[in-house]
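Visitor: Each chain, letter by letter, is given below.
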Amino acid sequence: MRLHEFEAKEILKKYKIPFAEGMLIRDAKDIDKLTQEYFPAILKAQVLVGGRGKAGGILTAETRDDAKAKIQKLLGMKIKGYNVESVLVEKKVDVEDELYVAVTIDRLEHRIAIITSEMGGINVEQIAEKYQEKIVKYYVDVDETIHPYVGRSLAKRIGLKGKQLIKVGGIIHSLFKAFKEFDGTLIEINPLAITKNNEVIALDAVFNIDTDALYRHPKLAEMGIKPRHEVGELTEREKIAREANFPYVDLEGDIGVFPGGAGFGIAAVDLIHHFGGKPANFMDSGGGPTVERMEQMIGLLMDNPKVKVIFGARFGGISRCDLWAEAIISYLKKRHADGKQIKPMVMRMAGNMEKEGRELFEKAKKDEPQLFKVVKIYAYNTPIEEVIKETIRTAERIEG
Amino acid sequence: MRLHEFEAKEILKKYKIPFAEGMLIRDAKDIDKLTQEYFPAILKAQVLVGGRGKAGGILTAETRDDAKAKIQKLLGMKIKGYNVESVLVEKKVDVEDELYVAVTIDRLEHRIAIITSEMGGINVEQIAEKYQEKIVKYYVDVDETIHPYVGRSLAKRIGLKGKQLIKVGGIIHSLFKAFKEFDGTLIEINPLAITKNNEVIALDAVFNIDTDALYRHPKLAEMGIKPRHEVGELTEREKIAREANFPYVDLEGDIGVFPGGAGFGIAAVDLIHHFGGKPANFMDSGGGPTVERMEQMIGLLMDNPKVKVIFGARFGGISRCDLWAEAIISYLKKRHADGKQIKPMVMRMAGNMEKEGRELFEKAKKDEPQLFKVVKIYAYNTPIEEVIKETIRTAERIEG
Amino acid sequence: MAVIIDEKVECIVQGITGKSGSLHTKLMLNYGTKVVAGVTPGKSGEEVHGLKVYDTVEECVEDFPNIAVTSIWVPPRFAKDAALEAIEAGIKTVIVITEMIPIHDMLHVRKKAKEKGVMVLGGNTPGLISPGKAKVGMLPEIAFKPGRIGTIARSGSITYYLANALDIGGYGESTSIGIGGDPIIGANFEDVLKLFEKDDGTDAVVLAGEIGGVYEELAAEYIKEMSKPVIAYIAGRYAPKGKRMGHAGAIIQRGMGTAESKIRALRGGGAHIAETIGDIPRLIKENLN
Amino acid sequence: MAVIIDEKVECIVQGITGKSGSLHTKLMLNYGTKVVAGVTPGKSGEEVHGLKVYDTVEECVEDFPNIAVTSIWVPPRFAKDAALEAIEAGIKTVIVITEMIPIHDMLHVRKKAKEKGVMVLGGNTPGLISPGKAKVGMLPEIAFKPGRIGTIARSGSITYYLANALDIGGYGESTSIGIGGDPIIGANFEDVLKLFEKDDGTDAVVLAGEIGGVYEELAAEYIKEMSKPVIAYIAGRYAPKGKRMGHAGAIIQRGMGTAESKIRALRGGGAHIAETIGDIPRLIKENLN
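Residue numbers (the working numbering), protein chains in the order written: chain G, 1 to 400; chain Y, 1001 to 1400; chain E, 2001 to 2289; chain S, 3001 to 3289.
Below, computed lysine to any residue pairings styled on SDA-like, alpha-carbon distance capped at 20 Å:
| # | chain 1 | residue 1 | chain 2 | residue 2 |
| --- | --- | --- | --- | --- |
| 1 | Y | K1163 | E | S2044 |
| 2 | G | K177 | G | D143 |
| 3 | S | K3116 | G | E144 |
| 4 | Y | K1161 | E | T2017 |
| 5 | S | K3241 | Y | L1251 |
| 6 | Y | K1134 | Y | E1118 |
| 7 | Y | K1366 | Y | H1336 |
| 8 | G | K177 | G | V140 |
| 9 | G | K177 | Y | E1181 |
| 10 | G | K180 | Y | K1180 |
| 11 | S | K3034 | S | K3092 |
| 12 | S | K3019 | S | L3029 |
| 13 | G | K278 | E | P2240 |
| 14 | G | K13 | G | Q164 |
| 15 | G | K177 | S | F3078 |
| 16 | Y | K1180 | S | L3107 |
For the record, the hints were derived by calculation from the structure and aren't laboratory data.
Put together the whole structure using the sequences plus the hints.
Guide: Laid out in structure tokens, this is it:
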């Protein structure tokens, strides 16, 4: 998960990474706190996505009045679907040269990679492709550390000397330390600027942290950094899913997809397309979901006005068929009691604890047949392709 | 350098090592703060040396009044030359079994050694000698870490099972972590008690930290732990030397020893004995001492009423002869100006910057001959043995 | 024949006293897997489905020196320790069922496994099954039939639908293996392909990948050397695009990771590409001599 | 002949712009040592006694590929990094002059050195000298005369007095080596004894130890195998007893570390024990054929 620039900088300051003097503004009122000495200043929209500069999210202000107007404009913007909720104001720096420094995990090598280049800035990817010799990579095993000399050696290899070599070497060493200590997946300083006064200043900072490791970083929670981040770009339903802690993405179609694991979730979206249907979402229950979570998942689809029919599949592995059945029955009961319409469901259930699940469904059908009027549950002997085709046909029969 | 038990426990509590409830008492007045629920309690004299139990530094008190009297007695005690300046009062624990856990550096293996035994307590050394199979050692390279399973495996090897294995395994893992994080040279929990209620409690804690690494542990300074520790056993002169940060040990004789490095300092003590003399001290200037420090060193000897004569030697390596000469001249000038007696010095000077040193002496002798009446400075061509013999003869000529 | 697991291979379960560990131990035993013991630190003395519970893997291995496979069912924060413990105790195949293990932890496990010559499957694997013989993990038995096709997939659910499709097409499996759905896993496709290439009970291999990561692309080179036909399926052609990992991700991955990149690489390696899972049996038939 | 260093061996100085580094570079150059360059991170572009200063050892080695020896004169907190940098850059002998280096740091350097086959002398060594040829470190030249005795000592000052005594006795040194006075050092006596045993310019070896540690005891075994006579001197017979390192120290050291233990071990290994440094020439004369 990605941290905001201002959060990344707050953490990295403790590692002595040099940043420009700055102030975070969340509310237009706070603009008055800026003193004249901040100017000229750079105004940077805080959004959890790259490329904000090209999207107009980075502006320069010469004076305080100029800044006021521009900050107000930024705070009303949306960048690639993200609302701008705060703006980082930093004193402008006279840049002589732009370097690039990143620490990430190379999934080919299965090692930590430190990547540096003498040619930083927004075009670093193109440079990396065109001038491979301008990119210097250094690999470290995850259970190892680096010593300061490695930072200096990398600084040397991107052409630095003397005091700058010392400073950039120290920055590389510190970034690696921060990466390890916070379970990083990416730290990127781009550009790492050399100013006209020969100072070294990190202008931007990207810090991505492994969400699965958050539990061991209480400091982040203390800073208010929780796995709540990418809310800016989420639809209402996506927000609900994130709150409930399961992956969900809204798509354009009319078939609600209630699959099992992430793998078949992706395959189901492919299959619906393949047979001419249009999925309304991607979703992943995770391994061994609780009954409550599965009820939330179904509810999200039933409540989505775009959804005409729900395709459901459970191939019980770690996720048990009996709990799946329990969740569906429980949800249908509640929805019926609430007087809401039950949309058609075409589902298939097979796998671990299937017998127990089937018994639950049979009992429920006998007790409350009205719940199951438009609900079909196929078993192992019906191929999944047939279930999907029937789902698509059902959707087609329903008028938009 | 060794930490006090209460300091060691303060640090190790952060690593979740379980200790008995306790309170540190520095002043007899504080005894009234003890509530009755502390009793029966163990009263432990805080001194920086082992074997205090056998020396009467650990007492049991059944009631508060009993404790009052005993704490007052302990606070007036000296144990192996250490003044007891505080007493740790801990709730008494019913011990069923005593284990032993230590982390240290094995200088044969050049690795960190975790040492555990199912037979802890004050006789652990005898047990280690008699029953080598009762001692379980585990080695780790200094740049590596251990995982919790290693703690459990060691706990298992000293005969633990179930909940106790988990607890002791966790303790071993945590101690190792503390050892690494604080540049430990020794952590020793002896005994690690299993109580009659099957609880695991660390009764004592020894924590030695590498003095040369103190600079990178600001937390220790914040706790008031500075390289000031072993003051309790020091003579007045030893305290002065510690303040000034050079090694100095008072011995029984009358020849003040002002050598160069530690190695020859030790050899000089041997040589003086060998030729029938009695050294008054051991001293080590360290590499490249400042003029100020060397003046302090000479002063310590001149001011010692036991010292009849000073043996001095400088074989200039990283420590330069010229600075050595400067220090001696400067000191003699000040002492003379103060109207204090200059004791005889028999010295030898050779090595790096010897020429420059000799020139300084010659100039000083010409300018102020009165300073050098009883001061002789031999050169390379006089063997050190001859210098020592002359020192001894000089001492013998002076009446005690 | 089968790879890694059959009815004679001795297995243990780490985390056997947990809810999932206990349930699936029972299912494994019922299926015929030779589970000989379990481990949960602190729970020695207990029994689960008649199996003795140990505090440490070390003790297990002392009592059952032939243990070849362990499966790990502990919560994510204990998974690294459990896996390292098993590797250190000398177990040669470690099946990490646990999902959402921190990435740095899994890199550590992977490194240690390579050093010690241990095969790690997972994290986030459903395990593996040699139908009719034994299974380790939580795969639903219904779909898996004895046969001569080897399957390898990243996703658990896709593993099941693969078997389902093969069943419909009249095929069965020598062994079906999940290599794990987490971003960093132990063994990759190539490691498992090598086992099937050598196994004389396997005639062809089905490989099911998905978007993200580079494991599929890496497998392509080895497929060129294989004598047995490989049918490949990639899920995610219609998946919404994930977010980029800064410039660094682009610099390192150089365009790999998409469905197109994977299909191109696998086809280049000589694999036969299935459009849907249901299409796989036809491709097997066409390419088996 | 000589070991490790002679007038042709190329050397660098790490920390050359510091007070000690600069002074002793001059003394080394004057003595004939082939110092080719210096390193102080951040100071490239400067010159010291006509030598170019580099930011990194790596660059030094690029410009002078024959560098065989470096000496380290940086403050204690930078010594580990400087030593590891030199080892990584491929320099095969690293002389750590710096004293009071944290113990954990030195253990780390020692491990890396062993892995890479690098000889580390020190921390807290005066360096080494092959009289009349070259010296690395800060040894005072006056005592050292060309000859056929090898000397090894932990302490700098004792190294000088050894040479002084040999000079008086009419002997000189092939090479005099300080292995360092800190609690944890790189090479131990045995490593250096092996060099002298092989060196055809050395007829006998003088080993000077002192109380504390176990390096002297460890040397005894190798001395048994040596063809050349070894004269050993141990300082500290009359030294006040140091403090114990808890029970753990006793459990690990098992009585080693005292002057008596060292003398007993060395005598058992066949070394001839000198009561005083001045007694050494007599013992050489008696034991040289």
